[in-house]
Amino acid sequence: MTISSKEEFKNFVNEVRQAEGYRDPLAFGICRVDVGQINKNLTLQAIYPIINWNENFGSGAIFISTLKELNINLDLSQSEIVLPISKEFVISALEKFQPFLVETIENPKSHNNIAVLKAIKDQGDFENFRIVFLFEDAPLKSAESTYIKLYALSQKKVKIRTINLNGAFANLQNVAWSENKPIELQWLRDNEISLKISGKYPKIDFVDKFPRMLQHIIPENNTRILDGSKVRMGAYISAGTTIMPGASYINFNAGTLGVSMVEGRISSSASVGDGSDVGGGASILGVLSGTNGNPISIGKNSLLGANSVCGIPLGDGSIIDAGLAILEGTKIYISPNEINKLIEINLNLKELFISSKNSFKGKELAGINGIHFRQNSENGRIEAFRSKREVKLNSDLH
Amino acid sequence: MTISSKEEFKNFVNEVRQAEGYRDPLAFGICRVDVGQINKNLTLQAIYPIINWNENFGSGAIFISTLKELNINLDLSQSEIVLPISKEFVISALEKFQPFLVETIENPKSHNNIAVLKAIKDQGDFENFRIVFLFEDAPLKSAESTYIKLYALSQKKVKIRTINLNGAFANLQNVAWSENKPIELQWLRDNEISLKISGKYPKIDFVDKFPRMLQHIIPENNTRILDGSKVRMGAYISAGTTIMPGASYINFNAGTLGVSMVEGRISSSASVGDGSDVGGGASILGVLSGTNGNPISIGKNSLLGANSVCGIPLGDGSIIDAGLAILEGTKIYISPNEINKLIEINLNLKELFISSKNSFKGKELAGINGIHFRQNSENGRIEAFRSKREVKLNSDLH
Amino acid sequence: MTISSKEEFKNFVNEVRQAEGYRDPLAFGICRVDVGQINKNLTLQAIYPIINWNENFGSGAIFISTLKELNINLDLSQSEIVLPISKEFVISALEKFQPFLVETIENPKSHNNIAVLKAIKDQGDFENFRIVFLFEDAPLKSAESTYIKLYALSQKKVKIRTINLNGAFANLQNVAWSENKPIELQWLRDNEISLKISGKYPKIDFVDKFPRMLQHIIPENNTRILDGSKVRMGAYISAGTTIMPGASYINFNAGTLGVSMVEGRISSSASVGDGSDVGGGASILGVLSGTNGNPISIGKNSLLGANSVCGIPLGDGSIIDAGLAILEGTKIYISPNEINKLIEINLNLKELFISSKNSFKGKELAGINGIHFRQNSENGRIEAFRSKREVKLNSDLH
Numbered sequence: 000m001t002i003s004s005k006e007e008f009k010n011f012v013n014e015v016r017q018a019e020g021y022r023d024p025l026a027f028g029i030c031r032v033d034v035g036q037i038n039k040n041l042t043l044q045a046i047y048p049i050i051n052w053n054e055n056f057g058s059g060a061i062f063i064s065t066l067k068e069l070n071i072n073l074d075l076s077q078s079e080i081v082l083p084i085s086k087e088f089v090i091s092a093l094e095k096f097q098p099f100l101v102e103t104i105e106n107p108k109s110h111n112n113i114a115v116l117k118a119i120k121d122q123g124d125f126e127n128f129r130i131v132f133l134f135e136d137a138p139l140k141s142a143e144s145t146y147i148k149l150y151a152l153s154q155k156k157v158k159i160r161t162i163n164l165n166g167a168f169a170n171l172q173n174v175a176w177s178e179n180k181p182i183e184l185q186w187l188r189d190n191e192i193s194l195k196i197s198g199k200y201p202k203i204d205f206v207d208k209f210p211r212m213l214q215h216i217i218p219e220n221n222t223r224i225l226d227g228s229k230v231r232m233g234a235y236i237s238a239g240t241t242i243m244p245g246a247s248y249i250n251f252n253a254g255t256l257g258v259s260m261v262e263g264r265i266s267s268s269a270s271v272g273d274g275s276d277v278g279g280g281a282s283i284l285g286v287l288s289g290t291n292g293n294p295i296s297i298g299k300n301s302l303l304g305a306n307s308v309c310g311i312p313l314g315d316g317s318i319i320d321a322g323l324a325i326l327e328g329t330k331i332y333i334s335p336n337e338i339n340k341l342i343e344i345n346l347n348l349k350e351l352f353i354s355s356k357n358s359f360k361g362k363e364l365a366g367i368n369g370i371h372f373r374q375n376s377e378n379g380r381i382e383a384f385r386s387k388r389e390v391k392l393n394s395d396l397h
Numbered sequence: 000m001t002i003s004s005k006e007e008f009k010n011f012v013n014e015v016r017q018a019e020g021y022r023d024p025l026a027f028g029i030c031r032v033d034v035g036q037i038n039k040n041l042t043l044q045a046i047y048p049i050i051n052w053n054e055n056f057g058s059g060a061i062f063i064s065t066l067k068e069l070n071i072n073l074d075l076s077q078s079e080i081v082l083p084i085s086k087e088f089v090i091s092a093l094e095k096f097q098p099f100l101v102e103t104i105e106n107p108k109s110h111n112n113i114a115v116l117k118a119i120k121d122q123g124d125f126e127n128f129r130i131v132f133l134f135e136d137a138p139l140k141s142a143e144s145t146y147i148k149l150y151a152l153s154q155k156k157v158k159i160r161t162i163n164l165n166g167a168f169a170n171l172q173n174v175a176w177s178e179n180k181p182i183e184l185q186w187l188r189d190n191e192i193s194l195k196i197s198g199k200y201p202k203i204d205f206v207d208k209f210p211r212m213l214q215h216i217i218p219e220n221n222t223r224i225l226d227g228s229k230v231r232m233g234a235y236i237s238a239g240t241t242i243m244p245g246a247s248y249i250n251f252n253a254g255t256l257g258v259s260m261v262e263g264r265i266s267s268s269a270s271v272g273d274g275s276d277v278g279g280g281a282s283i284l285g286v287l288s289g290t291n292g293n294p295i296s297i298g299k300n301s302l303l304g305a306n307s308v309c310g311i312p313l314g315d316g317s318i319i320d321a322g323l324a325i326l327e328g329t330k331i332y333i334s335p336n337e338i339n340k341l342i343e344i345n346l347n348l349k350e351l352f353i354s355s356k357n358s359f360k361g362k363e364l365a366g367i368n369g370i371h372f373r374q375n376s377e378n379g380r381i382e383a384f385r386s387k388r389e390v391k392l393n394s395d396l397h
Numbered sequence: 000m001t002i003s004s005k006e007e008f009k010n011f012v013n014e015v016r017q018a019e020g021y022r023d024p025l026a027f028g029i030c031r032v033d034v035g036q037i038n039k040n041l042t043l044q045a046i047y048p049i050i051n052w053n054e055n056f057g058s059g060a061i062f063i064s065t066l067k068e069l070n071i072n073l074d075l076s077q078s079e080i081v082l083p084i085s086k087e088f089v090i091s092a093l094e095k096f097q098p099f100l101v102e103t104i105e106n107p108k109s110h111n112n113i114a115v116l117k118a119i120k121d122q123g124d125f126e127n128f129r130i131v132f133l134f135e136d137a138p139l140k141s142a143e144s145t146y147i148k149l150y151a152l153s154q155k156k157v158k159i160r161t162i163n164l165n166g167a168f169a170n171l172q173n174v175a176w177s178e179n180k181p182i183e184l185q186w187l188r189d190n191e192i193s194l195k196i197s198g199k200y201p202k203i204d205f206v207d208k209f210p211r212m213l214q215h216i217i218p219e220n221n222t223r224i225l226d227g228s229k230v231r232m233g234a235y236i237s238a239g240t241t242i243m244p245g246a247s248y249i250n251f252n253a254g255t256l257g258v259s260m261v262e263g264r265i266s267s268s269a270s271v272g273d274g275s276d277v278g279g280g281a282s283i284l285g286v287l288s289g290t291n292g293n294p295i296s297i298g299k300n301s302l303l304g305a306n307s308v309c310g311i312p313l314g315d316g317s318i319i320d321a322g323l324a325i326l327e328g329t330k331i332y333i334s335p336n337e338i339n340k341l342i343e344i345n346l347n348l349k350e351l352f353i354s355s356k357n358s359f360k361g362k363e364l365a366g367i368n369g370i371h372f373r374q375n376s377e378n379g380r381i382e383a384f385r386s387k388r389e390v391k392l393n394s395d396l397h
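Protein chains in written order, with numbering that gives the first Met the number 0: chain Y, 0 to 397; chain X, 0 to 397; chain P, 0 to 397.
Some hints here could point you the wrong way.
A pair holds if it fits inside one copy or across any two, identical chains being indistinguishable in the list.
To be verified - Below are the BS3-like pairs computed for lysine-lysine, each with C-alpha atoms no more than 30 Å apart in a straight line:
#1 Lys-202 with Lys-86
#2 Lys-86 with Lys-120
#3 Lys-108 with Lys-9
#4 Lys-202 with Lys-39
Derived by calculation from the structure, the hints in this document are not laboratory data. Predicted, not measured: the structure shown is a model, and the values here were computed from it.
Assemble the whole structure, with the sequences as input and the hints as a guide.
Below, the structure is given as structure tokens:
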């Protein structure tokens with residue numbers, strides 16, 4: 000069935016979307032897959048030229064209706080669907096997209112989904128592709144759907160900690176990565192002797208379930224990632240972030256919400272606000288260690304000093320001094336005078352300070368703005384006071 | 000001489016091994032070598048498809064007897080022997096292994112040493128191979144023997160700190176590594192102008208005497224090494240270990256004895272027990288710095304907090320808080336009550352605690368189980384007490 | 000114009016250099032450039048087979064006179080000149096260098112600039128080369144001149160902090176680096192769909208304005224850089240330095256002045272003296288953070304303990320204990336007895352100690368020799384005293 004005008008296209012799409020039993024996919028896309036060297040049924044990596052997240056429902060409708068036309072049984076009540084694609088599918092879908100083909104050829108970015116189909120058709124190989132639909136934000140059931148969510152995070156289509164990532168670890172295989180390609184460890188073992196004898200043993204960059212973000216994602220022009228090994232696929236890196244190669248690491252479902260200098264670790268589920276600086280070797284604890292599962296957000300314009308450890312959420316304009324660890328259980332002294340200053344900028348926290356106490360646990364001070372943590376170097380007491388300086392990032396010179 | 004039955008093979012091997020002056024090699028193997036671009040006599044890297052360590056004495060006997068047949072002078076009283084191999088050697092040895100050839104072709108892993116010979120014969124290039132024997136655990140005399148010991152460590156055929164590695168540094172050349180291949184620095188200098196003018200200057204990954212472990216070793220299926228640069232050849236990484244890319248590093252002759260999360264440094268000669276967690280940026284000092292040469296073992300289910308420093312051996316179920324450095328000379332206060340609790344689980348240490356003192360040096364507390372080190376954030380005193388929680392690793396989610 | 004003898008060459012050079020309006024270049028060289036995939040006028044990387052820094056003025060005169068002969072307008076009053084080269088230029092310059100050609104062919108290193116010309120002529124491609132002159136140490140105006148200064152630093156032709164690097168960031172493009180080659184991020188975006196569909200999306204090693212030092216510089220034979228990502232182009236790494244892969248990083252215009260073990264961070268403008276050890280995870284603050292712009296030098300034979308933070312200049316034979324942060328504002332206690340010992344080796348500092356005070360701010364103690372900083376683990380006070388031990392590096396075993 001060929002559609003010959005944009006008007007006809009629009010009507011067709013409406014018809015499909017209003018049909019009984021149809022539902023718009025939350026996310027969908029076509030990916031190229033790397034399958035196992037031994038187990039060809041195992042998807043080791045899914046590479047998406049583009050993903051659709053809560054958008055482009057027309058393209059979604061075309062994809063689904065084309066599959067149905069080809070008599071492929073689709074149960075849209077499932078949380079996700081992953082299917083191979085065929086030459087017939089590509090050609091048939093392109094026929095429906097015909098009103099947009101000229102525009103797509105002129106500017107592939109004008110219609111990404113069509114450009115993907117066209118690129119597949121042009122290269123003439125239909126073997127290693129999958130079409131993937133997510134109909135709800137449910138636990139993950141496949142490597143393909145796991146990758147679509149990791150893309151959604153790293154392309155900043157969804158915020159950190161807002162989507163269901165259960166099953167991600169179970170659906171990804173632990174593999175050796177060589178030149179962007181995943182290799183089954185057992186295949187390496189099976190071929191170790193001949194590979195080594197011939198001098199062709201591959202250069203293994205790393206071994207993990209997840210690829211690195213730079214294998215899949217193109218950062219913004221003002222984002223710097225000085226070592227690709229430091230950012231896992233699924234990390235959320237906002238424009239203007241610089242990630243230094245010393246002791247930094249950003250896990251998946253973690254990252255920066257604005258311009259940020261990162262020389263330390265942003266563990267899983269942790270986020271760092273615009274203008275904040277994670278100093279060399281600083282650690283923001285993740286939900287998996289030391290935070291009792293409470294994810295840590297760092298506010299704006301805050302500073303974690305070199306080799307500091309942050310185990311509580313921090314507000315805006317706050318500072319943890321170099322080398323200092325502030326954990327949930329850390330006892331912190333604040334003088335009455337400084338309490339008054341902190342109340343001025345943290346009105347909602349009056350209750351915390353209403354008693355006459357001067358010693359607080361780290362977790363009581365979670366999320367306070369403008370607080371500066373320091374260890375008194377004369378008596379070893381950990382103290383907090385109103386941060387005296389704005390934390391400014393030198394965007395120019397790192 | 001062709002051997003035609005397994006029985007004949009067995010008799011032949013027994014004859015060889017019982018001959019006057021014969022001794023079984025402690026270790027042996029055939030390796031492919033990368034030699035210098037300038038100095039062709041210099042072995043820069045030795046790649047072993049398999050090594051034999053205190054095992055497969057029959058294959059060893061075949062190798063040695065074949066060399067003797069070919070009139071190669073072997074002095075088995077040497078601590079090690081390294082020889083080139085020839086086509087004659089390969090063919091002659093394979094004739095002796097003939098009773099096992101069918102099995103080897105069906106399943107190369109059934110007879111690794113034979114599979115190595117066959118792979119060399121099949122590819123028809125005999126130039127860049129060496130056969131290597133170690134007859135005792137003596138100081139190293141060659142790159143080839145150094146590599147066999149590094150393999151023994153990384154394939155966990157020997158335990159950390161149990162073999163003689165003297166001479167390792169002297170026998171390895173400091174080279175530039177590009178795509179798994181070692182390049183002499185002088186060769187780069189000699190060819191710098193033409194390489195750069197032609198745009199073919201190689202990508203140098205690193206410059207070191209040692210390769211990375213992942214160039215040679217295939218980890219277990221549940222082991223993750225998120226950045227290959229973090230693990231030197233000769234490291235001992237037990238199944239189930241995860242090594243994060245932030246601030247971690249595992250040197251040769253150091254590693255993990257079980258499932259472990261490693262986000263910090265395990266310096267030379269240090270070991271970490273099953274279930275223990277080396278937090279982000281944590282440092283375990285090596286024999287070369289800060290431990291007066293005493294190697295550090297961390298017990299089971301222990302935790303080194305983020306950015307902590309461990310300069311003493313730790314027992315099981317112990318904790319060093321985030322950001323805290325416990326060195327040999329650190330003075331640590333323990334209350335009488337906590338001393339009693341620690342004695343309960345460290346019966347052998349009663350003597351240490353028998354006096355009425357409450358202040359201990361770090362090295363006095365070496366190896367104690369269930370101890371938790373913390374800096375009192377009210378007065379800066381470093382204190383220890385009975386660890387209140389089990390250290391559990393979340394194997395799922397890192 | 001062909002020059003046929005060394006005498007004639009010398010006379011010609013003198014004539015050129017004494018001509019009205021001529022001035023010797025401070026630096027010059029011919030580089031191969033990588034230009035933008037989209038913007039062919041944009042230099043993304045400049046690769047110098049050799050640079051001349053305050054040297055080889057004869058070659059400089061030949062280059063400049065050859066350009067003038069070819070009617071290229073050169074304004075030597077500019078701070079820098081960057082020009083494409085042509086076949087005519089190469090041939091014409093080589094004619095002038097003819098008296099040295101035989102020597103150059105025999106030993107290219109005997110006349111590096113001639114060898115560069117000859118290599119370009121031999122490969123017959125003149126498109127992607129630039130000739131670059133710096134006439135003064137002024138703010139940078141081009142990528143090519145920026146690279147020549149980064150080379151000068153990394154080849155140790157100039158000392159850290161002695162040259163004008165203003166404009167470096169502005170002249171370098173933020174690009175994706177793949178196999179030593181810079182790729183415009185926009186080009187990746189424009190071609191993402193086809194690259195991913197065909198399975199040819201490049202392996203991006205990192206995204207930065209600067210390349211890594213090992214892409215351009217060949218270290219000395221006894222220098223080890225265990226992870227190339229840890230050293231930015233423009234770093235100054237002295238012979239005998241070892242840089243471990245754990246938490247280390249050396250920025251441009253920063254580095255080591257002698258043999259050094261580096262397992263931590265040497266931030267921009269910081270330097271580390273001969274025999275000093277930057278422990279695992281230790282941070283030396285850069286001019287961009289925490290030092291109020293005062294660059295930090297560490298003296299000789301000093302030690303920064305694991306995970307320590309150094310925010311002040313240190314003299315020789317000094318120590319900061321593991322895990323300790325010494326910043327400009329840190330208050331440090333020194334007993335009268337230790338003050339006396341420190342005065343013995345810091346005669347020039349008598350004034351500082353002349354008062355009867357015992358508490359000093361970190362910045363007051365900047366540059367003192369033989370000082371050891373420690374936190375008293377009984378009362379949390381940060382104290383300093385005369386360093387009791389020499390800091391010896393174990394050159395053998397790391």
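Checked hints:
1. Lys-202 with Lys-86: Close across copies (29 Å), not inside one copy (35 Å); limit 30 Å.
2. Lys-86 with Lys-120: within (7 Å within a copy, 44 Å between copies)
3. Lys-108 with Lys-9: Result: close within a single copy only, 20 Å intra versus 61 Å inter.
4. Lys-202 with Lys-39: both (22 Å within a copy, 23 Å between copies)
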